[in-house]
Amino acid sequence: MKLEEYNISVDQHSDGVYRFILKNIKDEDKARDIVQDSFEKLWRNVDNINFLKVKSYLYTTAYRTMIDLIRREKRKEDFDQVDISAYSHSQHYTDLKEILDQALERLSDIQRSVVLLRDYEGYNYQEIADITELSESQVKVYIYRARKKMKEYIGHMESII
Amino acid sequence: MNLITRNNYEEFFLDYIEGEISAKDKLALESFLAQNPDLKEELDEMMDMDLKCEAETVSEKAVHLKDIPFKENFDDFCIAQLEGDLDSYESKAFEEFVISNPDKAKDLALYHKTKLEADVSNVFKNKKNLKKRNKTIIIRQFVYTTLATAASIAILFSVWTSELENNPTGLKNEQVSQNTSMQITASDSVKTNITKEISTLKSVENNKKQKKDKKTSEPAVKGKIQNKQIIKMDALPIRADVSTKKSIDKVDVKQLLAESKTLAIKNTDLPEINIDITEKKIPTEIQNTGLAMLGLSWRASKGDDEVKEKSTLLKIASYGVSQIGKLAGKKINLEKKYDPKTDKTRVAFNTLGIGFSTPVK
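Sequences listed follow chains Z and V, in order. Start counting the first sequence at 1; every next residue gets the next number (my numbering). Start counting the second sequence at 1; every next residue gets the next number (my numbering).
Bound conformation, chain Z alone:
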């Protein structure tokens, strides 16, 4: 990849990677740091990376950096662990977008990541599997389960509102 292509990659993918990470960890500064780290890694390997695969490389790098960060900070949060009483705060969220954000936060890290990659970037199961180092079927199962959980949450919220 050439210098010009690298700079084009910055224009094309930095926003997407940033949004993907920000949605996962809800921390702008850390999201920014992860994006910066990802592009620094890309720059260090700029000679070995094909421009056509740069998006996948960036998302993979950013995702793994984020997972490492989450593990370090032990911020793992699973929807299964969420007490149903937490829904009692939901009356503050009237907008569907906010409800979705809350539903997303209640997913496990891996479920959230695969759904975001699927919806934000339109990756297929295999591409998501490559990024997350999962099998294609695992990705599909995670997405299906995530959708069910999110649907349950949205339905519950709508019934309350």
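To be clear, the hints were calculated from the coordinates, so they are not data collected in a lab. Every residue gets a Cβ at the ideal spot worked out from N, C-alpha and C, and that includes glycine. Please note: incorrect hints may appear among the correct ones.
[As the list claims (entries may be wrong)] Just a few of them, taken from the derived set where beta-carbon distance is under 10 Å, the chain Z residues facing chain V: (1) K30; (2) E40; (3) V46; (4) M150.
With the hints as your guide, set chain V onto chain Z.
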């Protein structure tokens, strides 16, 4: 639930695949899988089989659309439709099923609401910091600045040097006076010889007069020889050593001829003296430059003065350029090319950013 072991793990796997496992058991299962990576592969295979079974069930019954168990697996079909995993037949059949079951439409709508959309207002603001600049551009700017500075110094130096040459100062005057004195010194020896010759000629003339006066009293002795001797002396006035009154009478033709050759060689020595003097001027002129005025000097190579100066400047410039190249981590050289057509040598500097060439000879 019981502790997970290699004897009861299938139960946990099934619960996991079905999504029925509790958070506590899930953590226990993950820990168990970490300790038994071979069983992790088995779990993956089971999950694959589960998905294949679901897919096969759908595809088999796709032939008979009415037999598709939408009701039993409604949620999965909703997600499959949302994800685009249904084929056209299945999709059509599912739509028909939802239309015929309005109570299911609400659930399908809820699934469609789970589709996330990126908030485009969230952008990464520090793109400029992420972007990289071309090293060569930075090097170009550095080289350009350095070369511009060097060129300015060289031009000022050249102008100063030429100004010194056009308007001689103290050193130049010293050189002139030195040259003059040297020429005078050289002329003294010649002058001495000439003086001697003049005195010899005068003495010969006197002898002639004396001989003419004595012609009547003394018999003519070797008259022809005397004439020849006089003629030879006219031709070779510098024959000072043999021009005595007594020797003239004794000198024969052969001796005169031999002496005339010797004198002729002596004559050719005179220009050599001047050449020597000129050669001695060279160091004085080279020192009389701007660099010498600064108390500096350089070692000149072979060749005439101008070529030496240019050659030395070229060496300095080449050294400077190579040092810049080392700093930049690139190999940059000044190229010296000789063009036989124009009989000129050109110095060329070519990089991606800038390039120039200039004749040096």
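task: List in ascending order the numbers of the hints, as given earlier, that are violated by the structure.
output: 1
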